[in-house]
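> Listed below, chain by chain, are the residues.
2 protein chains.
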Amino acid sequence: MSLRLFGYWRSSASYRVRIALNLKGLGWKHQGVHLLRDGGEQLKADYAHLNPQKLVPTLVADGVPLTQSLAILEYLEEAYPDPPLLPEDLAGRARVRAIAAAIACDIHPLDNLRVLRYMKNALDSDETARNRWYAHWITEGFNALEITLGASETGQFCHGDQPTFADCCLVPQVYNARRFHIDMTPYPEICRIEQACLGLPAFDLARPEQQPDCED
Amino acid sequence: MSLRLFGYWRSSASYRVRIALNLKGLGWKHQGVHLLRDGGEQLKADYAHLNPQKLVPTLVADGVPLTQSLAILEYLEEAYPDPPLLPEDLAGRARVRAIAAAIACDIHPLDNLRVLRYMKNALDSDETARNRWYAHWITEGFNALEITLGASETGQFCHGDQPTFADCCLVPQVYNARRFHIDMTPYPEICRIEQACLGLPAFDLARPEQQPDCED
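Heads up: the sequence lines are chains A and B, in that order.
Everything in the first sequence is counted per UniProt numbering, starting at 1 for the first residue and increasing by one.
Everything in the second sequence is counted per UniProt numbering, starting at 1 for the first residue and increasing by one.
Only chain A is shown next, with the shape it has when bound in the complex (with noise of 0.2 Å):
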């Protein structure tokens, strides 16, 4: 088995990828994708051959790059089902994938990156709107979400008692939140749960600073 994951430090995407190798107990490699530098390594050939969106993560996996981190998630969970980070009822299994779904499609894409840059350069927006917009789709999301983790299949984690792909979604999106400078106030479920997981090894050392390429 080998696996070697294309990230960057601070890509929540890439985060949530390495929550769940470690939740999974697996072996993996580390290779910088530097986001910034030489106007980003992810535009270059050699790695849009590996994942022709030019983004980060890719999982190579036995040689087979793997795009997409909830596929990559999915993958993780087929390959290796043990321990599991999915529950077994298929309701519970629907509830999981779509908290994972509400913030890796309906949050963080309209937050990343790329977005931002051509907010700037093809809109014209300051830093002032920008942050708004930053601002305004971790709030919408969160909203929706503290009224999701308030229903009683909520447990230490966002569903039931053992870490899932939920909270593989959810650290790295409060992180985000808090590196704007959100208020999490209004989120006292997100930040408890936030706080559980990080209590867990497997989290803690999936934290951005905890990387090998890590700037902070």
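One or more of the hints may lead you astray.
Any copy, or any two copies together, can satisfy a pair, since identical chains are not distinguished.
[Stated by the list, open to error] In silico DMTMM-like links for lysine to aspartate or glutamate, alpha-carbon gap of 20 Å or less:
#1 Lys-120 - Glu-140
#2 Lys-44 - Glu-146
#3 Lys-29 - Asp-213
#4 Lys-44 - Glu-140
#5 Lys-54 - Glu-140
#6 Lys-24 - Glu-88
Quick caveat, the hints were computed from the structure, so don't treat them as lab data.
Chain B: place on chain A using the hints.
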């Protein structure tokens, strides 16, 4: 078994779920949620109770509200495995899910109605800028997808000769592209697969124009 789909004829996320329901030969009931009428029926309290994100679709399956189209596709695959909408091998499943996510995470959410509204109201973007934005994210996504679809795993459909999640996501995204007059000439593979899909009744009957709430 009871399946009620809360959706909107022109919502491409709803369209994905309609295709999957049809491909699996499932009987389902349509429940229209008009995204524009009265400022948007999806924002009303009774719908928000089903779907705290206030987005369509929601599939109520035997009384349980399921949200997020990708999570709903996974639910349908697990609850009604025959015919499968994912290939059997792990690498193939990862490829199909990555194509689906490339559309559902990195194209569609950026061009969603709520985003265009925010651009108009909060960023004061004019129609020309919004149309450029819309086209930009489709073009970025389709450029990468056309490369991905050049691989040998592609068959009559996005992956092999049976429709998968990838096709469920591709066809609605091409519908959006055509609606906004995106030049599809650079994407012969995408167009070929779209046509192969629309030749199947499951796709044809899921088209926006075939829905009871269609206003075209």
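> Failing hints, ascending?
Violated hints: none; all satisfied.
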